[in-house]
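J.: Under UniProt numbering, read the sequence shown as residues 1 to 136, first letter to last.
To be clear, the hints were calculated from the coordinates, so they are not data collected in a lab. Incorrect hints may appear among the rest.
Okay, derived cross-link-like pairs now, EDC-like style, lysine to aspartate or glutamate, Cα gap no bigger than 20 Å in a straight line [claimed, not checked]:
#1 Lys-24 / Glu-46
#2 Lys-24 / Asp-104
#3 Lys-90 / Asp-133
#4 Lys-24 / Asp-38
#5 Lys-4 / Asp-38
#6 Lys-90 / Glu-106
#7 Lys-90 / Asp-50
#8 Lys-4 / Asp-39
#9 Lys-4 / Asp-21
#10 Lys-135 / Asp-89
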Amino acid sequence: METKTAFAPMLTIRNGVTDIDFYKNGLGAVEHMRLNNDDGSIHVAELMIDDAMFHLHEIYPHSNAFDPQAHAGVITLGLMTADVHGLFDKAIAAGATVISPVEDYEYGYRQGTLQDPFGHQWILQCRIPASPDWKG
Numbered sequence: 001m002e003t004k005t006a007f008a009p010m011l012t013i014r015n016g017v018t019d020i021d022f023y024k025n026g027l028g029a030v031e032h033m034r035l036n037n038d039d040g041s042i043h044v045a046e047l048m049i050d051d052a053m054f055h056l057h058e059i060y061p062h063s064n065a066f067d068p069q070a071h072a073g074v075i076t077l078g079l080m081t082a083d084v085h086g087l088f089d090k091a092i093a094a095g096a097t098v099i100s101p102v103e104d105y106e107y108g109y110r111q112g113t114l115q116d117p118f119g120h121q122w123i124l125q126c127r128i129p130a131s132p133d134w135k136g
């Protein structure tokens, strides 16, 4: 099996079985694999949004997982998507909070930032033609 170089972020969540639904319903993620701990918590779940892979790990008493809700977030993920407005609206409807609304920027990006219910920030974005006045 060939492995291509790619980022596969690991996100931690508090209530795996219920929290994972945000990523499925709000961002259109598809769960490809899940391993549970003996207590039923999620050791790791592998999800994909189109070709973008990420992993979820549930925080449980003896894990060394970093809790973003206890530390005001830990990372901002940039997700390139063809339908920024549609995915942004879907994520908000599923419980995300708007950090900055979707806008077109002169440097050639359409993007908006949201925070998922678990403290992770997402920049949903796509490339658009840059403004002819932009000197970047």
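J.: With reference to the structure, classify each hint as holding or not holding.
T.: Here is how each hint holds up against the structure:
Using a Cα cut-off of 20 Å, the hinted pair Lys-24 and Glu-46 holds, with the two alpha carbons roughly 12 Å apart. For the suggested pair Lys-24 and Asp-104, the alpha carbons sit about 26 Å apart, so the restraint of at most 20 Å is broken. Restraint check: the Cα-Cα separation between Lys-90 and Asp-133 comes to about 33 Å, which exceeds 20 Å; the hinted pair is violated. Of the pairs offered as hints, the one joining Lys-24 and Asp-38 is violated, with about 24 Å between alpha carbons and a cut-off of 20 Å exceeded.
Between the alpha carbons of Lys-4 and Asp-38 the distance comes to roughly 32 Å, so the proposed pair goes past 20 Å and is violated. For the given pair, Lys-90 sits about 25 Å from Glu-106 by alpha-carbon distance, which is inconsistent with the 20 Å threshold. For a cut-off of 20 Å, the pair hint linking Lys-90 to Asp-50 stands: about 16 Å separates their Cα positions. Distance restraint check for Lys-4 and Asp-39: the Cα-Cα separation of roughly 34 Å exceeds the 20 Å cut-off, and the hinted pair is therefore not satisfied.
Proposed proximity of Lys-4 and Asp-21 is contradicted: the alpha carbons are some 28 Å apart, above 20 Å. A hinted pair counts as satisfied when its Cα atoms are at most 20 Å apart, and Lys-135 with Asp-89 does not qualify at roughly 32 Å.
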